[in-house]
Amino acid sequence: MEILVILVPLALMLGGAGLVAFLWSLKSGQYDDLDGAAWRAIADDEPPQEASAKR
Amino acid sequence: MHVTQDFSHYVRTAAEGIKHIDLAVEGVHCAGCMAKIERGLSAIPDVTLARVNLTDRRVALEWKAGTLDPAGVIDRLEELGYKAYPFETESAEVAEVAESRFLLRCLGVAAFATMNVMMLSIPVWSGNVSDMLPEQRDFFHWLSALIALPAAAYAGQPFFRSAWRALSNKTTNMDVPISIGVCLALGMSVVETIHHAEHAYFDAAIMLLTFLLVGRFLDQNMRRRTRAVAGNLAALKAETAAKFVGPDEIAQVPVAAIHPGDIVLLRPGERCAVDGTVIEGRSEIDQSLITGETLYVTAEQGTPVYAGSMNISGTLRVRVSAASEATLLAEITRLLDNALAARSRYMQLADRASRLYAPVVHATALITVLGWVIAGAGWHDAIVTGVAVLIITCPCALGLAIPTVQTVASGAMFKSGVLLNSGDAIERLAEADHVIFDKTGTLTLPNLEVTNAADIPVDIFELAGRLALSSHHPVAAAVAQAAGARSPIVGAVEETGQGVRASVDGTEIRLGRPSFCGAEALVADVTRLDPEASVVAFSKGSARFILSVRQGLRPDAQAVIAALKARNIGIEILSGDREPAVRAAAHALDIPEWRAGVTPADKIARIEELKRRGAKVLMVGDGMNDAPSLAAAHVSMSPISAAHLSQATADLVFLGRPLAPVVAAIDSAHKALQLMRQNLWLAIGYNVLAVPVAISGVVTPLIAAAAMSGSSILVMINSLRARRASREIA
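Keeping their order, the protein sequence lines are chains A and B. Quick note on numbering: the first sequence equals residues 1 to 55 in UniProt numbering. Quick note on numbering: the second sequence equals residues 1 to 730 in UniProt numbering.
Don't read these hints as lab results, they were simulated from the structure. Heads up, a few of these hints could be off.
From the structure, some residues in chain A lie toward chain B, with a derived Cβ separation under 10 Å [said to hold, decoys possible]: (1) G15; (2) G16; (3) L19; (4) F22; (5) L26; (6) K27; (7) D33; (8) W39; (9) A43.
For every residue, glycine included, the Cβ atom is placed at its ideal position computed from N, Cα and C.
Modelling step: build the complete structure from the supplied sequences, incorporating the hints.
Rendered as structure tokens:
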């Protein structure tokens, strides 16, 4: 049962990391346009900003 | 005179040397539009950011300061095929976005805590029936406390604050029993953990918060989304005014940038965007949107004009007055305030349910404690059982019952062209049993239509239409549209207040007043058939024709009235327009109850009278004069073409030309209310089953968790049926 001393904190840390990631993504506005984000993922073009920067 | 578009009011500085503007865009609905706009705008030199938000239908644009005029970007979007308009986020919307993010953050924290506490609870539950050591159980309980207590303190804020507000106002709401339940469960769990007990309720308490936050977030998100889209529509109506920036120079500026004392130019065919007084010029104005009167009123120096009126013939200079000084607006605002105050007494279904719910639950818990004590159990066991009753009856299914249905139903309504301004509008709409229609702009279309096109030779009508393209006059616009004219006649001259003339193949053609075309003699024939129509004459050489122009009924008005009658809903017309016009519409639609020439106060009086008789009135209107009665009615709807004030007051706004959304909305509201009631009964039914089990004292956290999630999921699945209901109508 000593393994719990490692596994429980590990599980909590992973969960905590997930929470931090969620709060960060929320703060950076990634939930502001869920409809658009769904489509951006399958758009085959490069994002326009990068395309113009390369030119 | 040179006209410039001035959008500087909307531009703000995003960073050093970077300017930012938000644009509301019409017609963006897929990934293709998104890519097209972003690529098109990024191709403009010095644009640093062009990002489309598909949810809100908006574009955020940033560019290097001083290199770009936003008006040019709007023209570019027009070329791409999208109508856009600068947009300023209202403070209410900003607050809602912040609120929505806060709820989502709370939900994230609560969900994280629930998952982890559950992860710790399952070993305890299985360990309790097998070989877990008490020390291990205590360790798991303490870890659970470590996670659940701070998480609940954070994620419970929306409920604790609301409960505290209610208590300090000496009232109660749904959040009071929630807060009491959560705090007691956590407190008791800590005490139990200290005493090395087998069970702790951290998981139940935090899971309860998670489910309730889901409901709260859905509820809030529905309102936020509707408000965002409604805000876009308001912006896209592009209410601008030509403001004098110099003695002889005007700029086209957004209404938000106009202040009292400014002087604006009102050209023929333009809708006035401000309240003010005419200081120069003479014209006729169409005030149908404000008063419901379809006949034109003469405007000259000293005449007050109101936002929403259409200038017909001459050019006017108008001095902008403060909105509060405008007598009509002041009167309407006063009536509006009274009406809104009266309606705020309406109790939402959820509030009514929770008012009954809280005392019953708290009494049950108390009786359980006392009962167990009397039956000889110790204080400790009695209190544990009492708290278990509180936890298992805690209203998480009840908290989800209404918002989930509202969210699904509003999404379905949104797809069929109806926007909701408030969540409880669904409940109120479902109760409506009497509909009052305004005539002008509601039963009839706000735009003019040619009614006797069939009597005119096709080639003549076409020619008239092409000539009409050269005029600003709204009647001419109706003729041009009816004729489907595309190419204007070269060399057409407009004579102010008279009409347009041009010469085609050596023959003079004229379109305008009957006197201008020498066709007075023919007018009587047309007006005899249709006394309320406006007439416009057309002459080609010696041939004379009279076109009859009027506001047509909405295409499906008759069918909608019939559908409402079939649903046993009372119908009447209350209009500010003249009697013959209203009588004709009432007759055409077979509505026996109608009144003409009524003032805003009269309309309210009529609604109050119906209320006293116990009727629940749905008011459908578009004019500024309808705003107070929209607020006074039990529930209200406006077409998207309505005056700004009316649209803001109405509970529901419908898009497009047909009137059918009125019936569709009533039907989906009925279905939604039915589902809400079902959900409440499901929640109550669950309590009826669960409470005896809790009172008997055998509720472990495992049973509480299973019961709670089961009832919540059942309610959510049931709510999804609201989507199917509306699809049948659409």
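Going through the hints against the structure:
| no. | hint | result |
| --- | --- | --- |
| 1 | G15 | holds (5 Å) |
| 2 | G16 | holds (8 Å) |
| 3 | L19 | holds (4 Å) |
| 4 | F22 | holds (5 Å) |
| 5 | L26 | holds (6 Å) |
| 6 | K27 | holds (8 Å) |
| 7 | D33 | holds (4 Å) |
| 8 | W39 | holds (3 Å) |
| 9 | A43 | holds (6 Å) |
Checked against the numbered hints given earlier, the structure satisfies every one of them.
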